[in-house]
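Chemist: Take a look at the letters that make up each chain.
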Amino acid sequence: MLSNLGNLLLFLSAFLSLSLIYFSFQCLKESQELIHSKIFQISLVQSTVILACFFTLIAAFIISDFSLINVYQNSHSAKPLLYKISGTWGNHEGSLMLWVIILVIFSFLFLIKNKLHPKKFRLYTLIFQNIIILGFLFFILFNSNPFTSISPVPKEGLGLNPILQDPALAIHPPLLYLGFVGSSIYFSAAMAALITDYSDKSFALSIKNWVLISWVFQTLGILVGSIWAYYELGWGGFWFWDPVENASLLPWFAMTALFHSLIVLEKRNLFYFWVIILCLMTFILSVTGTFLVRSGILNSVHTFASDPGRGIYILSFLSLLIFGSIFLFFKKYCAKNYSINSNSKETFVLINNWFMMFYLLTILIGTLYPIFTDALTDSKISVGPPFYNAVIFPVVVAFLIFMAVGPNTKWIKNRFDNLINLIIIAVVAIAINFAIFYFFKSYTILSNLIIISSLFLIISSLNDLIKSIKKSNIDLARIISHISFGFLVFFIGLNHNFSIERDLNMRVGETKKFHNYQIKFKNLKLKDYDNYKAIIGNLEVENIKLGDKKTLNPEIRIYENPRTLTYEAAIKTNFIKDYYLTMSNIDRSEFYNIKFQKKPMMIWIWISVLFLTLGGFLRIFKNAKNN
Amino acid sequence: MKIKIYILTIIFIFNISHIFGKDIDKNLIYKNLRCLVCQGQSISDSNSDFAQTVKLVVNDLIKQGKSEDEIYSFMADKYGEWIVYKPQLNKQNFILWLFPYVILVSGGLIILYQFRKKREKT
Chain A
1 MLSNLGNLLL FLSAFLSLSL IYFSFQCLKE SQELIHSKIF QISLVQSTVI LACFFTLIAA
61 FIISDFSLIN VYQNSHSAKP LLYKISGTWG NHEGSLMLWV IILVIFSFLF LIKNKLHPKK
121 FRLYTLIFQN IIILGFLFFI LFNSNPFTSI SPVPKEGLGL NPILQDPALA IHPPLLYLGF
181 VGSSIYFSAA MAALITDYSD KSFALSIKNW VLISWVFQTL GILVGSIWAY YELGWGGFWF
241 WDPVENASLL PWFAMTALFH SLIVLEKRNL FYFWVIILCL MTFILSVTGT FLVRSGILNS
301 VHTFASDPGR GIYILSFLSL LIFGSIFLFF KKYCAKNYSI NSNSKETFVL INNWFMMFYL
361 LTILIGTLYP IFTDALTDSK ISVGPPFYNA VIFPVVVAFL IFMAVGPNTK WIKNRFDNLI
421 NLIIIAVVAI AINFAIFYFF KSYTILSNLI IISSLFLIIS SLNDLIKSIK KSNIDLARII
481 SHISFGFLVF FIGLNHNFSI ERDLNMRVGE TKKFHNYQIK FKNLKLKDYD NYKAIIGNLE
541 VENIKLGDKK TLNPEIRIYE NPRTLTYEAA IKTNFIKDYY LTMSNIDRSE FYNIKFQKKP
601 MMIWIWISVL FLTLGGFLRI FKNAKNN
Chain B
1 MKIKIYILTI IFIFNISHIF GKDIDKNLIY KNLRCLVCQG QSISDSNSDF AQTVKLVVND
61 LIKQGKSEDE IYSFMADKYG EWIVYKPQLN KQNFILWLFP YVILVSGGLI ILYQFRKKRE
121 KT
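These protein sequences, in sequence, are chains A and B.
FYI, the numbering used here numbers position 312 of the first sequence as 312, with every residue one higher than the one before it.
FYI, the numbering used here numbers position 32 of the second sequence as 32, with every residue one higher than the one before it.
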C-alpha cells in the first residue's frame, strides 16, 4: 500500500515540476512584471507533495513495512525508533529522497524570498532548479526507487549497519545535504543570471544568504561527521583524507571562496564572471562528490553497495551540468577590465580565492589521481594523509598571515600605516610559540610556523575586535569566524604535536607502565542489550605524576542483525585532553590489544568549528535584517 | 630591536637542533601503510591479522636500520603501490606532486598580472 502511495507521489512531483517549467515559460512571454500566483501555488504544492512522499517512506520504516525492498534491506523491527527513522536516509535510495526535498524546498523559498528581483531572473532560476529536480526524480523513479515492493513479503529485515546506528550519524546526512544540495539554488540562479544578463551587484544580494546558509550547514555536517569518525571508528583521529571526506571539502572551499568574492561584487561591482564560475563550480563539485561516493569508484569507509547503473546515470547528469554551464558561460562571457590596486581589500579577497582554489584543486587531483592511474596504467596507488599534509600544510602558513592582514585593508586603495602594529603582533605570536615549546615539548619547524601563524591570526583578530569596539563599528561575524579558524589551526597543531599513542597487548589483571602513565586491566564484563551483546573492559588509566586516575570502559559489541562485530572506544573528555582507549581481542589467545591515546585539546577543535559557523549564522541574520 | 633578533635566533637554533638525531617513529610508519584487507584503514588502526603481520615486518626493517623511505619502497615493491599512503615521487606520480605547485604559482601570477595591467593603463 505504502509502495503505491509513494510511487504515486513521486510521479505527481515529477508532473508538478514539468508544469512549473511549462507555466514559467508561459509567464515569461507575458510583459507584466508580476509572477502568476499559479506558479507560487504549484511550487507550494510541490513542496507539500515531496514532503508527504518522504513521510510515507519514514512511516514505512517506523512500522517496519518489509514489503518495500528498501525497508527490508536497511531496517529491522528490533531497532530503536530513532534509528528506524534515521535509517530512512542512511541508505542510497532514501538519501536521494532527502536530496530532492532540499532541492524542492530551496526552490520554493528562493521564489518567495526574492520579490525585489526581476521576474525573468526569478523564473529562469525556477526553471533551472526544476530541471535539476526532474533529473533527480527520474533517477529515483527509474533506478533507485525506495518504494519498490518485494513479494513475498519477508518476515524480518536485514538491519542497519550498527556503526550507522548513532545519533551523530542520524543528523550528519541532513546537515551535509543542506550544504551541498543547497548549493543547487545558486547554481540555478547563476545560470538564470547568465541568460537574463543580470550582471550587477543585485545578483550578489539575491544569493549571498543562500551561499552562507549552505556554507554553515556544510561546515556543521562535516563537523558532525568528523566527531562521529572520532568516537566511532576507533582510530582516534578525526580527519583521514578519505576520498569521501575530500568530496565534502571540495564544495566547502568553493563556497568559502564564493562568499568572499560576493562581498566584492556587492560593494564594488567587480568579479561578476568569477562569482558565476564559483556558483556553477560549487554545485558541480557537489554532484561530482555524489558520483564518486555512489558509484563505488573510490575505496572508502562510506561506500554503499555499489551499482554501475547509478554511476552511469549520475555521470551523465553531471556531464550535462558541466557542458550546459560551460556552454552558457562562454556564450555570455565578455572580458571586463578590472582595475584593482595591489594594496586593497579586493586584492586580499583575490588572495583568499587563490588559496581556496589551491586547496580545492590539490584535494581534487589527490582524490581523482588514483582513478586515472588505475584506468590508464593499471597500477593502483593510494593518495593518503602524508600527501595532503606535505602539500597543504606549508601553504597554510602564508594563508593564515594573509587572513590576518587582509580584513584591515580598505576598499580601492590602502596605505600600510599599521606595519609596526603587525610586527608587534608577530613578536607576541612568536613569543607564545616559544613559551609553548620551551615549557612543554619541542616540535618541527613546520609545526612552529603553523602555530606562530595561527597565533598571529588570533591576536590580530582580537586586536581588530578591540579597535572596532572603540569605533563602535563591529563586524562581529567576520571577527568570530576568523578567530575561530585561527584557533582551529592552533588546536589542531597542538593536538598533532602533543598526542601520545601506545599499543599494548594485555591480559586481564595485568598492569603496564610507560612515560608517566600506568594502565591497569581490571576485569571484563559480559552484558546483554536489546540488539547486541557487549564485552565491556574495565581499565584504569593513571597519570603517575599528577596521581590522577580515570576508569575507561571500551566495548566489543556483537550485533545480530546484521551479524557484525564493532569496537567501541572509551573516551574521557575534559578541557585539556581526551583519553581514548580501544580494546580488541586477539584471536586464539587470552590477550587483548589495548590501544591508548592521549589527545590534547580535542574538545577545542570541535568548539572552534562551532564558533566558525556561529560567525556564518551571525552574518546571515544581519543580512536578513538589512534586506 | 636587538632583543627581537636574539629571540628569533634562539628559536631558529632550537628548530635546527631538532632536525638532527630524530628517531624513526614507528607509529607514523604504521599510519602511512594501508591495511589491504580493510576498508580505508591504515595498519595502525586495524586489528586484522594482515595488519599485525605488516607491523612485525616494519619492526624488523627498523631493527635492520632501514630509513623511513626505504621501508615504504620495500613495502611498495612487495605489495604494490596501493599499500603506501604517500605516493612515491616517480614518473607516474610526477603530475600529482607537481600540479598543486603549478596551481599555486600560476594563481599568484594571475593576481600579479592584474596589477601590471593597471599600471600600464595609468
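If you're looking for bench data, these hints aren't it; they were derived computationally from the structure.
The reader is advised that the hints may include incorrect statements.
Stated by the list, open to error - Listed next, with one range per pair, are the computed distances between beta-carbon atoms:
no.	chain 1	residue 1	chain 2	residue 2	range
1	A	Thr564	B	Thr53	22 to 30 Å
2	B	Leu112	A	Asp374	50 to 58 Å
3	B	Val37	A	Leu8	41 to 49 Å
4	A	Arg563	B	Gly65	40 to 48 Å
We put the CB at the ideal spot given by N, CA and C, even for glycine.
Chemist: If you check the beta carbons of B/Leu112 and A/Asp374, does the distance land in 50 to 58 Å?
Modeler: violated, 38 Å
Chemist: So the hint says 22 to 30 Å: do the beta-carbon atoms of A/Thr564 and B/Thr53 match that?
Modeler: Roughly 23 Å apart at Cβ, these two residues keep to the hinted range, so it holds.
Chemist: Has the hinted range 40 to 48 Å been met by the Cβ atoms of A/Arg563 and B/Gly65?
Modeler: holds, 45 Å
Chemist: So does B/Val37 sit 41 to 49 Å from A/Leu8, Cβ to Cβ?
Modeler: holds, 46 Å
In this structure, only the earlier hint numbered 2 is contradicted, and the remaining ones agree with it.
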